[in-house]
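*Asks:* As a plain string of letters, each chain reads:
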Amino acid sequence: MTIQEKQQEVVEEFSMFDDWMQRYEYMIELGKSLPLIQEKYKIDENLIKGCQSKVWVHAELEGDKLAFTADSDAIITKGIVAILIRVFSDQHPSEIIEADTKFIDEIGLKEHLSPTRANGLVSMVKQLKMYAVAYQTQLN
Amino acid sequence: MSQQTQAKTFEVEKIRKDFPILNRKVNGYPLVYFDNAATSQTPKQVMDAIVDYYSNYNANIHRGVHSLSQEATDKYEEARIKIQKHFNAEKAHEIIFTSGTTHGINLVANGFSSLLEEGDEILVSAMEHHSNIVPWQMLCEKTGAKLKVIPMDLKGELIYSEFEKLVSSKTKLVFLNHVSNALGTVNPIERIIKKAHENAAAVLIDGAQAAPHIKADVQALDVDFYVVSAHKMCGPTGVGVLYGKEEWLEKLPPYQGGGEMIATVSFEKTTYAGLPHKFEAGTPNICGGIAFGAAIDYMNKIGFNEIAAYEHELLVYATQKLKEIEGMKIYGEALDKTAVISFNIEGLHPYDIGTLLDKMGIAVRTGHHCAQPIMDFFKIPGTVRASFSFYNTFSEIDRFIEAVKKAKMMLQ
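Same order as they appear, the protein sequences are chains A and B.
Going by our numbering, the letters in the first sequence line up with residues 20 to 159, in that order.
Going by our numbering, the letters in the second sequence line up with residues 372 to 783, in that order.
Errors might be hidden in some of the hints.
[To be verified] Facing chain A, according to a computed beta carbon distance under 7 angstroms, are these residues of chain B, among others:
1. K456
2. H720
3. Y722
4. D723
5. T726
6. G732
7. M780
8. M781
[Unchecked claim] Listing some non-contacts, in silico: residues in chain A with all C-beta distances to chain B over 10 angstroms:
9. E32
10. I47
11. K59
12. Q71
13. S72
14. I94
15. T96
16. E114
17. T120
For the record, the hints were derived by calculation from the structure and aren't laboratory data.
Quick reminder that beta carbons are idealized off the backbone N, C-alpha and C, glycines included.
All chains, please: the whole structure from these sequences, using the hints.
*Replies:* Structure, rendered in structure tokens:
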């Protein structure tokens, strides 16, 4: 599936919910299914700055595709990072660099997009893209 | 009269009509504003003072010969006198307008940099806001003075006997808050000031969190410096005051250079203006100062004793209800505390709780509350902090408790 198709899939899942509570309950569920980062990667270099909760993200190249793992001490943050990883994992770095993140608006998480927001969704997206840039250089 | 009856006769519904913001909805729910320790809401009376200023007499002060300038100057100086009376300062020029508590602290810290020597010691409490730690660390770096910390216990109370051991003839300054922003603890500042003075040390009290709840009498306290912000006591942001004893303010050098703070200027020599202008360089927040005066009038009309009694009832009620929730841990259980509750629920991150409360229209603060040393002391990343004001109600607390329970259910 392309990033675009995965985003569409997430948007469709979220459109089934009538209210914020169901959306958040689902996010919490997603948080619980997050592909967890190995303990040895839970280091300061993998910590995303700008979050009130701690978020670690690790990226690894599998063939020519990037696989992300992550963890957070807050469950809602885990849910948010889980959605991002689901969309961006198993993609070519160039696809990740090019991808837009408009789907976040569409699933009703727009409020988390503000750069001053404490959970730093913007910082997370930036970090995932930074990894993609770094690995893209490696692939070249 | 018992506190219970006092609380019942406290006309909170009438008071709430003065605060238009309390009518708004957030995320589809009526707003419950429990982040008062961060900033308080503004009553119509204060907004009216702001509109009046800009509608009728907006002008620069202390220098124009025209009528508007004179009116603005008179109102600004009237506000200074209101604030002087409120804190019972002996003289009006002991009240220095600042941009807020942080500015006041920095002004004093900067002034002391020319008075301290290597080997001098300054004492700070373990429960300070970052704004009352960082300026002193910078001062120590500059002067070679040593910063020592007065520890606290697990209830969130300062250990007075440890303070007695730390204070000595080397101590030149003692800095602490009157009330802790993260824990709500009311510190025994009278005893601390007395003991510090026995050792000839000066004392600065950060009154930012106390001022909305406790009317401090600076002469009775015999405090050397007391700093507050208007925006925590129903006034606007960007304005506050530093109270300083005249003898200290005379001793400290000016903080910033500019207009307003000079007597004469030539390229060879400038002489400084007298108090309070020596510390008020440039055009001040004129409207803010006047609105601060209006806020103090507003709060005094309700009455600080009445406010304290009612808020205490809210605190007791909310604490009791929160404690019924399984896994609840409250940080800061000092005997004497203001209406602030910092808490966590076992296994849950404060950020998650705060996010879900916000979705239910309830504003609380989450995080380390600019007091990381306190969080380190309790070995936690942060807390959820609910802080009440006199315009909050028991039914809002009920909604808050229900929302906390709901959030807990969703997160577990």
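*Asks:* If I take the minimum Cβ distance from I47 (chain A) to any residue of chain B, is it greater than 10 angstroms?
*Replies:* Violated, since 6 angstroms does not exceed 10 angstroms.
*Asks:* Does the claim that T96 (chain A) lies outside the interface with chain B hold up, using a Cβ gap greater than 10 angstroms?
*Replies:* violated, 7 angstroms
*Asks:* Report holds or violated for the interface hint on H720 (chain B), using the least CB-CB distance to chain A and a cut-off of 7 angstroms.
*Replies:* holds, 4 angstroms
*Asks:* For the restraint on T726 (chain B), tell me whether the closest CB of chain A is nearer than 7 angstroms.
*Replies:* Since chain A brings a Cβ to about 5 angstroms from T726 (chain B), closer than 7 angstroms, the hint holds.
*Asks:* For the hint on M780 (chain B), does the least C-beta distance to chain A fall short of 7 angstroms?
*Replies:* violated, 10 angstroms
*Asks:* Could you check if M781 (chain B) really has its C-beta closer than 7 angstroms to a C-beta on chain A?
*Replies:* At about 6 angstroms, which falls below the 7 angstroms cut-off, the nearest Cβ of chain A leaves the hint on M781 (chain B) intact, so it holds.
*Asks:* Over 10 angstroms from every CB of chain B: does I94 (chain A) meet that, or does the non-interface label fail?
*Replies:* violated, 5 angstroms
*Asks:* Would you assess whether E32 (chain A), listed as outside the interface, keeps its beta-carbon beyond 10 angstroms of every beta-carbon in chain B?
*Replies:* holds, 18 angstroms
*Asks:* How about G732 (chain B): closest beta carbon in chain A under 7 angstroms, or not?
*Replies:* violated, 11 angstroms
*Asks:* So E114 (chain A) supposedly isn't at the interface. Is its beta-carbon more than 10 angstroms from every beta-carbon in chain B?
*Replies:* Non-interface label on E114 (chain A) holds, nearest chain B Cβ at 31 angstroms vs cutoff 10 angstroms.
*Asks:* When you look at the beta carbon of K59 (chain A), is every beta carbon of chain B farther off than 10 angstroms?
*Replies:* Holds, because the least Cβ-Cβ distance between K59 (chain A) and chain B comes to about 21 angstroms, which exceeds 10 angstroms.
*Asks:* For Q71 (chain A), is the shortest beta carbon distance to chain B beyond 10 angstroms?
*Replies:* At roughly 5 angstroms from the nearest Cβ of chain B, Q71 (chain A) sits no farther out than 10 angstroms, so the non-interface label is violated.
Hints 1, 6, 7, 10, 12, 13, 14 and 15 from the earlier list are contradicted by this structure; the remaining hints agree with it.
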